[in-house]
Amino acid sequence: MDFSYSDEQRMLKDMVDRLVAEQYDFDTREAARASSAGYSTQMWQQFAELGLLGVPLSEDAGGFDGGGAELMVVAEGFGRALVVEPYLASVVLCGHLIDALADGVHKAELAESIISGEMRYALACHEPDGGYDPHWIATTARADGDGYVLDGSKAVVAHGDSADRLIVIARSSGEPGDRDGLSAFLVDASAQGVARRGYPTIDGHRAADITLANVRVGGDALLGEARQAGAALDAALERGVIYLCAEATGAMDRACELTLEYLKQRKQFGVPIGSFQALQHRMVDMRIALEKVRALTFWAACSLESAPDERRQRIAAAKVMVGRAGRQVAEEAIQLFGGMGMMEESAIAHYAKRIVMIDHWLGDHRWHMAAFRRALVDGDNALANAA
Amino acid sequence: MDIEYNDAERAFRDEVRGFLAENLPATIAEKVNNYRRLSRDETVHWHRVLGEKGWLAMHWPTEYGGPGWSPIQKHIFEEESAAAGAPRLLPFGINMVAPVIIKFGSQAQKDYYLPRMLTMDDWWAQGYSEPGAGSDLASLKMRAERQGDHYIVNGQKTWTTLGQHANMIFCLVRTDPQAAKKQEGISFLLIDMNSPGVTVRPLITLDGEHEVNEVFFDNVEVPVENRVGEENKGWTYAKYLLTFERTGIAGVGISKAALAHLKTIAHEYRIRGQRLIEQPAFADRLAEIEIELMAVEMTNLRVVAAAEAGGVPGAESSFLKIMGTEVRQKISDLYREAVGPYALPFIDEDDAPVGPDFAGVAAPTYFNLRKLSIFGGSNEIQKNIISKAILGL
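Going down the list, the protein sequences come from chains A and B.
Here the first sequence is numbered in my numbering, starting from 1 and rising by one per residue.
Here the second sequence is numbered in my numbering, starting from 1 and rising by one per residue.
Just so you know, nobody snuck in bad clues.
Each computed EDC-like pair below joins lysine to aspartate or glutamate, with the alpha-carbon atoms no more than 16 Å apart:
#	chain 1	residue 1	chain 2	residue 2
1	B	K141	B	E214
2	B	K388	A	E257
3	B	K388	A	D285
4	B	K263	A	D378
Some but not every residue of chain A turned toward chain B, in silico, with C-beta under 10 Å:
#	residue
5	Q277
6	S306
7	R314
8	A370
So these bits of chain A aren't anywhere near chain B, every CB distance computed over 10 Å:
#	residue
9	D17
10	A143
11	Q268
12	A347
Think of the hints as simulated: they come from the structure by calculation, not from any bench.
Here the structure is a predicted model, which means the values were calculated and not measured.
For every residue, glycine included, the Cβ atom is placed at its ideal position computed from N, Cα and C.
Bound conformation, chain A alone (with noise of 0.2 Å):
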């Protein structure tokens, strides 16, 4: 057993959390957040500079062929400065499925345009009548001479307005709910037939609903084989969960953070609040929350090349906590600092907002709960089989 970093991912923590020490306070993040993007594409070129871009591609994508321990220690300083550039939905998601099904020329293209910065991706899955469910896919592709046609409806795609390129996860057989018969396809943003409605999320983030109206793509358009994306899209979500789970587990970190300097410097009563023992109690009980959170985000990254059905465990469990034990942080900061936690111009409410906001990414924790319930039912024992 081994908790260390090696001195790769040592590095690479250095460098994330200097590059957001140094240049991602809260005013700049709050700058980019209101651009037209959503985010700044000079901190997005900087961090394609900095091969931040490449870290969960592998080798022969050109990328840093990072694990699970790589993603985690990006997304929690990424976590920790409440960074809002398209990392998740261009590198993450978009990242995997390139490297999962594309192949030869055309994945080191693609991965290259992902990795340099240069065009930014976004995973065009979930739809209006399907919430968390992935494989609820109505939109169609139909084949049309050497190419397809495209029809459907996309719900709130991850920073879907602002994206070159979109992957489109269509149905080419099958039924809504069936894993089988889904296609990947890559589309240009702007191709005709696309229309896109973007919008501000609550968290700070973006995203867009999408429809796609006899959108003609060209036979390259598919990645991989047709019908078969279903299990690298799995694979991708797994990984994009356990991004979120580690950005959580920054922004928790630092919400505590931010919380225990409160207490210590805001005074009633002629004292430091806290020096009150209730309010040190509920502030230790963040701190346990916080804690949850990340031993299982740990457990769950260093579980990517577990047997599937331990990774799968592990991962909803930790998507579970970050629901739960996030959502008791996020509340408890807000009381704790008390009306000024009710403040848009306060770090602490968005914090807050991106705690509570990530459980409805990527599948919530009734949604990752049923998951987890199945394979107690079917009798399996995740601890039986724990370390």
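With chain A fixed as given, assemble chain B onto it according to the hints.
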């Protein structure tokens, strides 16, 4: 980074498993797994088996008979023991007073008491709490007055776990009532419970068990050589005892065994023809607790790994105490809910059981385990420790 055990650790785990399979009596394991109380003889037997093997005093230095295990090995041993249904080791002698004797005791005390612990010739009890001094330990009142080469001891201890079986007790006593601070003027005495003037009275807990006692001291003569360390410096030793490295404080192995037992019931027990595990509300609660336990386990392993790397767990053990006891209480709470109306019958162990044979212990165990968040420094006290030591509040 690698969260799996390495080859050496796995080999050690296999060795422990093999030993347990060969040496742990099935009757004892069966009792432990079903939350039934062990007799004095059964408890002593298992301690002696481990003592002979050299595995009893796992926190001791090897020169005194410790096995020289690393923190991860200790963790593996505790985990495997719990999984096999081995009795939990009595901490009072081996893990509490022994480290104090080893660090602060006289050579004579080491030579005499330590070997007797390994053979269970002495059964130790803890004499810290008093009726007016629980979590606020320093307000203790029991007096010891020096008279020549003896102390004359008067007063009372309470919550003395398994004191009915003990022949030795270590006590914090007040030797200087005039001391400026209440933490000063306290000494640490080793007292023979067979001395004239010692009376043990059972306290029956709400689950009907005789687990704890009150102990009265009426002009008890204690030789001065039974004092550990210096007079009036007992608080230092007491604190050392309380903060002594205990990564096992989270009780992960015990919780895992308890959860596994509950899951077996959930998979087999049917109500209205349906297995408990098929009821979504029950399954969700079970899943929630399992997730929580996974978090405790991973937190525990991180602390163990830090200890392995040379760090000494300090206030982190307060986190583990709170997390570990809360999850264990939740398991027993769900167990109680699982048996439905059969939680109600309150039948003596020797009488014919009512309902399924796993039902009788559910409610008493639930009530008994309320103690977890109270003893060893209540969970609120642990939060105070974290507030001060980690958060700096």
